[in-house]
Amino acid sequence: MLGTNVGTMSEHGKPPMGLVRKLPSGTALGGSGKTHCPSCLALFKAPRLLPCLHTVCTQCLEQLEPFSVVDIRGGDSDSSSEGSMFQELKPRSVQPQTGILCPVCDAQVDLPVGGVKALTLDHLAMNDVMLESLRGEGQGLVCDLCSDREVEKRCQTCKANLCHFCCQAHRRQKKTSSHTMVDLKDLKGSSGVGRPIPCATHPAEELRLFCELCDQPVCRDCVVGEHREHPCDFTSNVIQKHGHSVRQLLRGTQPHMEALEEALAQIRGLSSALQERVEAVAADVRAFSEGYIKAIEEHRDKLLKQLDDIRVQKENSLQLQKAQLEQLLADMRTGVEFTEHLLASGSDLEVLITKGVVVERLRKLNKVEYSARPGVNDKICFSPQEKAGQCRGYEVYGAINTKEVDPAKCVLQGEDLHRAREKQTASFTLLCKDSAGESMGRGGDDIHVAVVPKDKKDSAVRTVVQDNKDGTYYVSYTPKEPGLYTVWVCVKEQHVQGSPFTVTVRRKHRPHPGVFHCCTFCSSGGQKTAHCACGGTMPGGYQGCGHGHRGHPGRPHWSCCGKFAEKSECSCAGGQTAPRGLLRTVAL
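Each residue of the sequence shown is one higher than the last, beginning at 0 in numbering that gives the first Met the number 0.
Careful, some of the hints might be misleading.
[Said to hold, decoys possible] Quick list of the computed label-pair ranges, beta carbon to beta carbon:
#1 112 x 62: 17 to 25 Å
#2 378 x 563: 47 to 55 Å
#3 394 x 277: 22 to 30 Å
#4 257 x 212: 34 to 42 Å
#5 483 x 293: 33 to 41 Å
#6 257 x 182: 40 to 48 Å
#7 171 x 251: 51 to 59 Å
#8 328 x 299: 18 to 26 Å
#9 423 x 378: 51 to 59 Å
#10 122 x 282: 52 to 60 Å
#11 269 x 230: 47 to 55 Å
[Claimed, not checked] Each computed EDC-like pair below joins lysine to aspartate or glutamate, with the alpha-carbon atoms no more than 20 Å apart:
#12 468 x 444
#13 304 x 377
#14 44 x 149
#15 479 x 444
#16 184 x 214
#17 386 x 368
#18 402 x 385
#19 240 x 214
#20 313 x 325
These aren't lab readings, by the way, just hints derived from the structure by calculation.
If you're wondering where the values come from, they're calculated on a predicted model, not measured in any experiment.
Where a beta carbon is used, it is the ideal one built from N, C-alpha and C, also for glycine.
Please model the complete structure; the sequences and the hints are all you need to start from.
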């Protein structure tokens, strides 16, 4: 069956949830052995058993907001097939149906044609309600016949509760005059009170038979009517067979309950373990964070104290320089004012008399050395990414630096500073220093390097600058062609010492095709036809050099080009041995 909610449904295909009464948490659920409705929380009144096996009062179910369900049936075809499910629908195959939601579990309940009152009555719940009412002095029970007055007695034969008036009438009738009547107070200790269940089609008849074909209880009138020629038997005769089938289903269901309870227990255990683990990890996080925060705060205080010490030191230096300059200025002003007054107002004799003292004082003042610039600067910076060691066991960052790089003091170092090979990586190192010539000891400076061919200035070579974080920078580049290149190295947009400079890029290194030997005789194992580029020969027809013989250079050399350096580039054209036309063979 394909159910589609229409009619009073909301836009999203669900019944209006605001009209569904939700069961409060902890409320007793309906079902066998229960006496209170899970919806109204009062004693059951005409309880109905829903397909989900929850029991609810008839009146409570009637108050629920129903919604329409379209039942589309595909005839005899397999309803599970997607193709058959969407076959052409005929008007007769569409059966509108009304449904409600269980107030306990929200399960969809498809109402039969008769509505809520056509649902199965929960007689077991009704008996439980009756037992509870009997234990409470019969409060709430009304007469089964007149449904108006309170119950006083119960007919054990008819299993009916009767008021005083109906009890008297019951005794006066000839047919029921012999029935046994008992007071309700005498039934308080009873464990069960059976009552006859009338047939819905024939209310005057009690359900005592069971139709095997229709699988439902019937009365005597049903057997001679609708269920004529159906296999029927008394309920007492078929209860064993049907009860056995129900017990088998129950035995098949109970293991699922155990498995579900075990799964829920595992989930609860895992949830508890998860919660404990989360709390433990949260405690670790909080402890780590609190420790880290304290370390950062302590490092902050150290930095601020260091900054204040730098301020005091620089201010003291400035104050001392200020006092010295002020004193020197006062001395200069005194000497200048006195001399000017002497020259302007003194007589010739007075000038000559004081000349010696004035000249000596002015000469001393002119010889005093002083700096016209402040002895310190305001260069103080904070490097937040610089490692500052550990504090309380935590790695902390951030350092205060008073050094400032001086491009004129920076130095370039490296074997490949002025030479390189095509298609081979060349490198050099930049050492940054401050104005005092001391290494910066930290990185983070603004470094720019450019390598440009002199004949192709628009084809700059890609360079890589690696900050070593210690005041040095590793610069590498790979020229693609031989030739002359100009290298610019700038710090803070100013050329460093020795920049720009020229680099000669030679062709790719040519390896030696020969051997590095002491002589041809030794390296060839005495072969006469072996040659050597040094030009030496030996008597007896040996075309190569030998120790102590004519032309031998007297030290190890390459057989291909004659070079003496083992780690060198071969200089012979194409790596071939020098022509033998230049060699001579000396006879003994």
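52 to 60 Å as the expected CB spacing between residue 282 and residue 122, which holds or is violated:
Given about 58 Å between the Cβ atoms, the range holds.
For a C-alpha distance cap of 20 Å, please report whether residue 184 and residue 214 respect it.
Measuring from Cα to Cα gives roughly 39 Å; hence the hint is violated.
Between residue 378 and residue 563, does the C-beta distance stay in 47 to 55 Å?
holds, 54 Å
Hint consistency between residue 304 and residue 377 [alpha-carbon to alpha-carbon, up to 20 Å]:
holds, 17 Å
51 to 59 Å as the expected CB spacing between residue 251 and residue 171, which holds or is violated:
Since residue 171 and residue 251 have Cβ atoms about 54 Å apart, the given range 51 to 59 Å holds.
Is residue 44 close enough to residue 149, meaning Cα to Cα at most 20 Å?
The given pair, whose Cα atoms are some 15 Å apart, holds under the 20 Å limit.
Residue 182 and residue 257 - C-beta distance against the hinted 40 to 48 Å:
Since residue 257 and residue 182 have Cβ atoms about 46 Å apart, the given range 40 to 48 Å holds.
Just to be careful, I want the Cα atoms of residue 402 and residue 385 compared with a cutoff of 20 Å; is the pair within it?
holds, 14 Å
Given the hint of 34 to 42 Å, check if residue 257 and residue 212 actually sit that far apart at their C-beta atoms.
holds, 36 Å
Does residue 313 pair with residue 325 here, judged by a C-alpha cut-off of 20 Å?
holds, 18 Å
Okay, residue 328 versus residue 299 on CB: inside 18 to 26 Å?
Violated, since residue 328 and residue 299 (Cβ atoms, about 42 Å apart) do not stay within the stated range.
C-beta pair residue 423, residue 378: status relative to the range 51 to 59 Å that was hinted:
Violated, at about 40 Å.
The structure shown violates the earlier hints numbered 5, 8, 9, 15, 16, 17.
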